[in-house]
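Participant: Work the whole structure out from these sequences, hints included.
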Amino acid sequence: GDSVTQMEGPVTLSEEAFLTINCTYTATGYPSLFWYVQYPGEGLQLLLKATKADDKGSNKGFEATYRKETTSFHLEKGSVQVSDSAVYFCALGPGGYNKLIFGAGTRLAVHP
Amino acid sequence: EPEVTQTPSHQVTQMGQEVILRCVPISNHLYFYWYRQILGQKVEFLVSFYNNEISEKSEIFDDQFSVERPDGSNFTLKIRSTKLEDSAMYFCASSDGTSGEETQYFGPGTRLLVL
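In order, the protein sequences belong to chains A and B.
First residue of the first sequence? That's 2 in this note's numbering, and the numbers climb one at a time after it.
First residue of the second sequence? That's 62 in this note's numbering, and the numbers climb one at a time after it.
Heads up, some of the hints might be wrong.
[Stated by the list, open to error] With a cut-off of at most 25 Å between alpha-carbon atoms, the simulated DSS-like pairs for lysine-lysine come out as follows:
1. B/K144 with A/K78
2. A/K53 with A/K78
3. A/K69 with A/K57
4. A/K69 with B/K103
5. B/K144 with B/K103
6. A/K53 with A/K69
No wet-lab data here; the hints were simulated from the structure.
If you're wondering where the values come from, they're calculated on a predicted model, not measured in any experiment.
Facilitator: Rendered as structure tokens:
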């Protein structure tokens, strides 16, 4: 079945460092891909998405490109801030209005 | 900006008791979902709901669980007889369903603790 694999955390970075969180997926068909973020004590917020191969999603300085050839959707940010500290979830949507399939989440801690 | 809301934010209950978790989806959305996240684990799908009926459910969503849209705004998850392993954060989500926009928007969650 469809699945999402994320790099294990925690990821600890200093402010202004470059961030990459790896995400790969297994799916039949042509899924949409999402990154959600969960700040401490809060719910899941959509960070960005891509609906087809080679699409790049971006928001708040974060980017991810839908790579069909490598079945990946890695999250990147050029310069992280302390306020980016959160848990980041990669998710796959098989299409239509079906369930989302989440990765295990990667905790990011950014220190000043 | 419209958002999904959930009540209560926290609920503590005794094993065997019934709980009802409430959600108000975004007002013009047609698809509704419940997910749960056991502490430290991944977010898991429970059930999706459209046009007043369940459209998909997971293996977790057994006979102890039910969902309902009792009026035009609320969407509820009922657990009939809670077990210790039902302790988790429960998220409600909704998606548009009219414009081809399938993005799911999540509420802040209800943290359920079963003692």
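Participant: Would you mind marking each hint as holding or not holding in the structure?
Facilitator: Against the structure, the hints come out as follows:
{"no.": "1", "hint": "B/K144 with A/K78", "result": "violated (41 Å)"}
{"no.": "2", "hint": "A/K53 with A/K78", "result": "holds (21 Å)"}
{"no.": "3", "hint": "A/K69 with A/K57", "result": "holds (12 Å)"}
{"no.": "4", "hint": "A/K69 with B/K103", "result": "holds (24 Å)"}
{"no.": "5", "hint": "B/K144 with B/K103", "result": "holds (19 Å)"}
{"no.": "6", "hint": "A/K53 with A/K69", "result": "holds (8 Å)"}
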